[in-house]
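If you're matching them up, the sequences are chains A and B in order.
With the first letter of the first sequence counted as 1, position 248 gets the number 247 in numbering that gives the first Met the number 0; the numbers rise by one all the way through.
With the first letter of the second sequence counted as 1, position 133 gets the number 132 in numbering that gives the first Met the number 0; the numbers rise by one all the way through.
To be clear, the hints were calculated from the coordinates, so they are not data collected in a lab.
For every residue, glycine included, the Cβ atom is placed at its ideal position computed from N, Cα and C.
Do not rely on the hints blindly, as some may be mistaken.
[To be verified] Simulated crosslink set (DSBU-like; lysine-lysine; CA at most 35 Å straight-line):
#1 B:145 x A:127
#2 B:17 x A:68
#3 A:178 x B:55
#4 A:116 x B:141
#5 B:25 x A:89
#6 B:30 x B:69
#7 B:46 x A:178
#8 B:141 x A:257
#9 B:145 x A:100
#10 B:148 x A:116
#11 B:145 x A:257
#12 B:30 x A:89
#13 B:69 x A:127
[Unchecked claim] Here chain A is said to cover these stretches of chain B; the calculated rule only asks that three of the stretch's residues, wherever they fall, bring their Cβ under 8 Å from a Cβ of chain A:
#14 135–146
#15 161–173
#16 197–203
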Amino acid sequence: MKISFSLKNFTKKEVLNENWDVIIIGGGPAGYSAALYCGRYKLRTLVITKYIGGLLNEASIVEDYPGIKRISGPELGRLFKDHAEEWGVKTLIDEAVDVRKDMDLFTISTRNGYTFKSRVIIFATGSKRRTLGVPGENLNGISYCAECDAPLYSGKVVAVVGGGNTAFHDALVLSKYAKKVYLVHRRKKFKADPVLVDEAKLNSNIEFVLNKIVLEIKGQSTVEKIVLKDRDTEDIIELDVQGVFVAVGLEPSTELAKKLGVELDDDNRIKVDPCMKTNIEGVFAAGDVTSGSCRFMQIVTSAAEGAIAAYNAFRYILRKM
Amino acid sequence: MQRYIRFPYIAVAMGLLKEEDRQALKESFEKNLKDIVEITIFLDNEKNRDSSNTAKNIINELMSLDSRIKAKFVDARSENGYKLLKEYNLDIDTFGDRRGPIFIFNKKPEIVYYGLPAGWEFVAFIEDIIAISRNEVDLPPKVAEKIAKVDTPIDIYVFVTPECPYCTHMTQYAHKFAFLNNKIRGVMINVYEFPELSEAFHIQAVPKNVIVYNGKSILEWEGAVPEATFVEHIERALVDIKGSSNKHG
Ligand SMILES: Cc1cc2nc3c(=O)[nH]c(=O)nc-3n(C[C@H](O)[C@H](O)[C@H](O)COP(=O)(O)OP(=O)(O)OC[C@H]3O[C@@H](n4cnc5c(N)ncnc54)[C@H](O)[C@@H]3O)c2cc1C
Numbered sequence: 000m001k002i003s004f005s006l007k008n009f010t011k012k013e014v015l016n017e018n019w020d021v022i023i024i025g026g027g028p029a030g031y032s033a034a035l036y037c038g039r040y041k042l043r044t045l046v047i048t049k050y051i052g053g054l055l056n057e058a059s060i061v062e063d064y065p066g067i068k069r070i071s072g073p074e075l076g077r078l079f080k081d082h083a084e085e086w087g088v089k090t091l092i093d094e095a096v097d098v099r100k101d102m103d104l105f106t107i108s109t110r111n112g113y114t115f116k117s118r119v120i121i122f123a124t125g126s127k128r129r130t131l132g133v134p135g136e137n138l139n140g141i142s143y144c145a146e147c148d149a150p151l152y153s154g155k156v157v158a159v160v161g162g163g164n165t166a167f168h169d170a171l172v173l174s175k176y177a178k179k180v181y182l183v184h185r186r187k188k189f190k191a192d193p194v195l196v197d198e199a200k201l202n203s204n205i206e207f208v209l210n211k212i213v214l215e216i217k218g219q220s221t222v223e224k225i226v227l228k229d230r231d232t233e234d235i236i237e238l239d240v241q242g243v244f245v246a247v248g249l250e251p252s253t254e255l256a257k258k259l260g261v262e263l264d265d266d267n268r269i270k271v272d273p274c275m276k277t278n279i280e281g282v283f284a285a286g287d288v289t290s291g292s293c294r295f296m297q298i299v300t301s302a303a304e305g306a307i308a309a310y311n312a313f314r315y316i317l318r319k320m
Numbered sequence: 000m001q002r003y004i005r006f007p008y009i010a011v012a013m014g015l016l017k018e019e020d021r022q023a024l025k026e027s028f029e030k031n032l033k034d035i036v037e038i039t040i041f042l043d044n045e046k047n048r049d050s051s052n053t054a055k056n057i058i059n060e061l062m063s064l065d066s067r068i069k070a071k072f073v074d075a076r077s078e079n080g081y082k083l084l085k086e087y088n089l090d091i092d093t094f095g096d097r098r099g100p101i102f103i104f105n106k107k108p109e110i111v112y113y114g115l116p117a118g119w120e121f122v123a124f125i126e127d128i129i130a131i132s133r134n135e136v137d138l139p140p141k142v143a144e145k146i147a148k149v150d151t152p153i154d155i156y157v158f159v160t161p162e163c164p165y166c167t168h169m170t171q172y173a174h175k176f177a178f179l180n181n182k183i184r185g186v187m188i189n190v191y192e193f194p195e196l197s198e199a200f201h202i203q204a205v206p207k208n209v210i211v212y213n214g215k216s217i218l219e220w221e222g223a224v225p226e227a228t229f230v231e232h233i234e235r236a237l238v239d240i241k242g243s244s245n246k247h248g
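Based on the provided sequences and hints, a complete structural model is requested.
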C-alpha cells in the first residue's frame, strides 16, 4: 500500500440560505442520488448529513455498482456527492434533530443549532449497525467498522459475529491484518452472497464457528474472550480473542421520521408507496430506511429509490405552485 | 511489542500528490491564502525515519505550490531540536520517545499533528493552513460561543488511522476549537507512527477522542460526533476537572 494524501473530503464553505425547496436528510447513496436529480430539476436542494457517503464509508471495496468495476466505498461516496454538487446541491455536515410541519412548510433544526425551512423533506437516513446486546459489549475492542479499525488488529485474533454480507466483508477485510479471524454465526448456513462465502472459504486464516450464539464478551478493560453456546448441544465454549467485530444486521434510523408522524412498518422501516411517498404529504423517503425494493439493501437500489423520490418531489412541488 | 502495523511507507522523493490534486490545491491556495503560514516540523530519523522523510517531502511539495507556505524542519534528535520540542510542550509521547514527525503551526502552536496527516486526514491539514493564513475559522455560532468560554487548559487527543474516513472530522473540530481558544490544544495522533502512545490510551477503534488535563485522561469516547456534541463532552470534562480540583483544595 502506498501512502496517499487525499483531497476527496474537501467541502466548500458557504453561508447557507434558510429556505429550500427540498431538504434531504442523510448523505449516503440514496440521499445524494435524490440530490442529483433534484439539482437537475433546478430545485434548491440541501443535504444535511452526519457523514458524507453514509454506510459506504464502511465498505472496503464495492464491486457490484453497475459501470464501476471496483472502487473503494468511501471514494464512491465522495463521487456521489461531487456529482450532485455539480448541479448546485449544497451539503451541511450536521445532524437533523427535529422536523416539524406547519401548513405546507417544514422546519428542520440541527444539532449545531441551525434552522431551515423547506417545502419537501426526503428521509434518506439509512441504517446503523445493530448491537449484540450481551454483557461486555462496552469493553475496549468491540468494533462496528472493520474498514476503520482492522489495521489496529494486526497479528491478533479476532471474532466477527454475523452471517450476512457485512459479516463476510468484515472478515475478509480483517483477514488481511489479523492472525486469525473467527466468523461466529448462529446458524449453519449463511445469508451472504456466494462470492463472499467462497472467498472466505479460500482464506486460511478465517475459521467458521457455526450454530453458536454469543452469551458474553469477557475482559478486564479490553476484550479477552468471547463466550459462545452451541444451539444444539448447549455446550459452552470460550475463544481467546482481542477484538470482536459486530455485524449482526442493521437497524433503520427512523427516530426523526417517527417524531414527525411518518408511518413505519413492522420492521421499523418507513412505509413508502412505489413513488417513494410516505403517509405525510411532502415527505418522501429513499434507501435502506424504507420498506421499498423488496428490502434489498444495496447501493444500486438506494440510488434508484433516491431518483424516484426526487422525481415525485419535483412533481409535488409543481402541483403546489 | 509492536501492536500496530507500520504503514509500509514508500519513500517517494516528490509526487506524493496526484496531478489533479496539485492543481486543485494550487487554485485553492491562490484563492484562499492571505498571510504567510509557517509550519514547524519535527523529524525523528531514528524511530520514525520513513514517515519523517515523507513529512519532509509532502511539506516541500506544498511549499512548491504557494510561496506563502513556509516550513522549518527540526531534527528532534538534536539537542536544540529536543529543547524546542520541550518548549512547545510537545513531549507527550513519554511512552515510546518518538519525536517526529510532529507538525505545528507557529502562529497557533495549539494545532498539532503527531504523525503524518495522511489519507483522509490531509484535508484537515489543508483546512488548517487556510484557516491560519486567513485568520478565520468557521464553526456554528452556538459552538463557538461555548468554546470561547473554556478557561481551563486542556488537550484534546484525536487518535486516527489514515484509512478512517470519519476520523478527519474530529481532527478538524479539535483544531478549530484550538484555533478559537488557546486554552485548548488539539492533537491529531496517527496510531501507526505513535504505537506506544496509542497503546497507553488503549486504542482499539478510531476515531478515539480523549480530553486530557495535566497529562491525564478525563473523558474519552470512540466515534465521530457533530461539533455541538463534541463541545458537550468538553463541558462535561470541565465539570469533572473543576469538581476534583475543588475536592483537593
Ligand atoms: C460493510 C458494508 C459493506 C457493504 N458493501 C456493499 C457493496 O459492496 N455493494 C452494495 O451495493 N452495498 C453494500 N453495502 C450496503 C450499502 O452500503 C447500503 O445499502 C447503502 O449505503 C444504503 O444507502 P442509504 O443512502 O440508504 O443509507 P446510508 O448509506 O446508511 O446513509 C445514511 C446517512 O444518513 C445519515 N443520517 C442518519 N440520520 C441522520 C440525521 N438525523 N441527520 C443527519 N444525517 C443522518 C447517516 O449518518 C448516514 O450518513 C455495504 C454495507 C456495509 C455495512
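Hinted pair, alpha-carbon criterion (35 Å max): residue 145 (chain B), residue 257 (chain A). Please report holds or violated.
holds (31 Å)
Given as covered by chain A, does the segment 161–173 of chain B meet the bar of three residues or more with CB within less than 8 Å?
holds (count 8)
Check the hint pairing residue 148 (chain B) with residue 116 (chain A) against an upper bound of 35 Å on the C-alpha distance.
holds (31 Å)
Holds or violated: residue 17 (chain B) with residue 68 (chain A), Cα cutoff 35 Å?
holds (22 Å)
Take a quick look at whether residue 116 (chain A) and residue 141 (chain B) sit within 35 Å of each other, Cα to Cα.
holds (19 Å)
For residue 145 (chain B) and residue 100 (chain A), compute the direct alpha-carbon distance and say whether it is at most 35 Å.
holds (30 Å)
For residue 69 (chain B) and residue 127 (chain A), compute the direct alpha-carbon distance and say whether it is at most 35 Å.
Answer violated: residue 69 (chain B) to residue 127 (chain A) is near 43 Å, above 35 Å.
With the threshold set at 35 Å, check whether the alpha-carbon distance from residue 141 (chain B) to residue 257 (chain A) stays at or below it.
With Cα atoms ~27 Å apart, residue 141 (chain B) and residue 257 (chain A) stay inside 35 Å; holds.
If you draw a straight line from the CA of residue 30 (chain B) to the CA of residue 69 (chain B), is it 35 Å or shorter?
Holds, at about 18 Å.
Starting from residue 30 (chain B), check that the Cα of residue 89 (chain A) is at most 35 Å away, please.
holds (20 Å)
Does the alpha-carbon distance linking residue 178 (chain A) and residue 55 (chain B) stay inside the 35 Å limit?
holds (34 Å)
8 Å C-beta test of the segment 135–146 of chain B against chain A, three or more residues:
holds (count 5)
Hint compliance for this structure: hint 13 alone is broken.
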